[in-house]
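Colleague: Residues per chain, in single letters:
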Amino acid sequence: MYEKNITSMHLDVLKEIGNIGAAHAATALSTLLNKKIDMKVPKVEMVSFDEMMDLAGGPESVVAGIYLRIEGDVTGSMFFVLPVEQANRFIQRLIHDESFDFQVGEVSEIGASAMQELGNILSGSYLSALSDFTGLKIYPTVPALSVDMVGAIISFGLVEVSHVSDYVIVIDTALNEEDVPNVESVKGHFFLLPNPESFQAIFNALGVQ
Amino acid sequence: MIGQGQVVKVGIADMNIAKAPDTIRTSGLGSCVGVVLFDERSQIAGLIHVMLPDSSLGRTETINSAKFADTGIPAMIEQLKLEGVQPFKLRAKIAGGAQMFQFSSSRDTMRIGPRNVEAVKEYLKKYSIPIVSEDTGGNSGRTIEFNPATNLLNIRTVNQGVRDI
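These protein sequences, in sequence, are chains Z and E. The first sequence maps to residues 1 to 209 in my numbering. The second sequence maps to residues 1001 to 1165 in my numbering.
It is possible that some hints are incorrect.
Claimed, not checked - Simulated crosslink set (SDA-like; lysine to any residue; CA at most 25 Å straight-line): (1) Lys1019(E) to Asp1164(E); (2) Lys1121(E) to Glu160(Z); (3) Lys1009(E) to Ser61(Z); (4) Lys1121(E) to Gly1011(E); (5) Lys1009(E) to Asn1159(E); (6) Lys187(Z) to Gly1011(E).
What the hints assert, rightly or not - With the C-beta cut set under 8 Å, the calculated list includes, among others, these residues of chain Z facing chain E: (7) Asp50; (8) Met149; (9) Val150; (10) Ser162.
The set of hints was computed from the structure by calculation and includes no laboratory data. Every residue, glycine too, gets a C-beta built ideally from N, C-alpha and C.
Model the full assembly from the supplied sequences, consistent with the hints where possible.
Modeller: Put into structure tokens, the structure is as follows:
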């Protein structure tokens, strides 16, 4: 089982990866929204599938989730999830339409595509930073969007891992929007879920045994 | 609610049993399938949160039987037998197996929801358990709760509200 060979030093390396990738993505988001975006120190944890749902806010919380697969030297899944109210505010600001609302049954095409584009830009800057840092080839697929229960969304990214384990190593970075009251502050997350066979590639690239 | 029962929770790739007045629930099903096996007379029900169609896909040393359709269903039948349920009395209700994302790529892993539903149906048939009702496919997440006292499976979605099957 792959999880047995992961030491705390390995987890630190993965944390650094989260740090570099998410810092770039947070900068891109700040620029896009012309807002200061704060990034938390990434957490790297080995968690059960149920704990993974809890990290994302509990299986039933409603989010706008961007999912993409990673291919190349490293394979895996990546998610950018935002509570739906915050996704609404972001998209309203991006498309200059105060009435935009993901919760209304029919999501306008421009809103959905703005959200996908947001996911594209953020995950692209996350992954290209990661690629530069490790020298590994990392190709993201076109992102897909779903507005639904986070459990239903995230479990899709666990399918691959579930073939080999009941645990997943998650590189989780939370984002916060500055200068808004705490209740309203952004609780966005990047979740990077490398497939188990990719860890060795990451560690080798960084010269870690 | 009328009953004073507890809600028995079932996690992802997990299973459990509830007896009336308790109910049994699993949250946030996407491509996973919730399989309820119940016996009307004894008001007892088992719920499996199936994640993958077949345990031959598993590459772990020890198998979590609840994770797969082919191992979860017989394991649940065995557990229900220990509770005194006769297998020929079992009926099933199933929900889930959605496709949460629309992709242009046709990779097989992307079709995991429909494949889970097919596998669950195949193994229920193999064990001669009739499916009384189902709510599968689509592209919405579901939270489901079964009440062994009424035999109703309550299904909640974000966009399409709540209904009982």
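Colleague: Look at each hint and say if it fits the structure.
Modeller: Here is how each hint holds up against the structure:
Using a Cα cut-off of 25 Å, the hinted pair Lys1019(E) and Asp1164(E) holds, with the two alpha carbons roughly 19 Å apart. Simply put, Lys1121(E) and Glu160(Z) have alpha-carbon atoms about 22 Å apart, close enough for the 25 Å limit, and the pair holds. A hinted pair counts as satisfied when its Cα atoms are at most 25 Å apart, and Lys1009(E) with Ser61(Z) qualifies at roughly 16 Å. Among the hinted pairs, Lys1121(E) with Gly1011(E) is consistent with the structure: their alpha-carbon atoms are about 21 Å apart, no more than 25 Å.
Taken as a hint, the Lys1009(E) and Asn1159(E) pair is honoured in the structure, with Cα atoms around 23 Å apart against an allowance of 25 Å. Annotation: proposed proximity of Lys187(Z) to Gly1011(E) holds, straight-line Cα distance about 24 Å (limit 25 Å). At about 4 Å, the closest approach between the beta carbon of Asp50(Z) and any beta carbon in chain E falls short of 8 Å, and the interface hint on this residue holds. Of the supplied interface hints, the one on Met149(Z) holds, with its beta-carbon coming within about 4 Å of a beta-carbon of chain E, less than 8 Å.
Restraint check, Val150(Z) versus chain E: the minimum CB separation of about 7 Å is within 8 Å; hint holds. Hint on Ser162(Z) holds. Least Cβ distance to chain E is approximately 5 Å, under the 8 Å limit.
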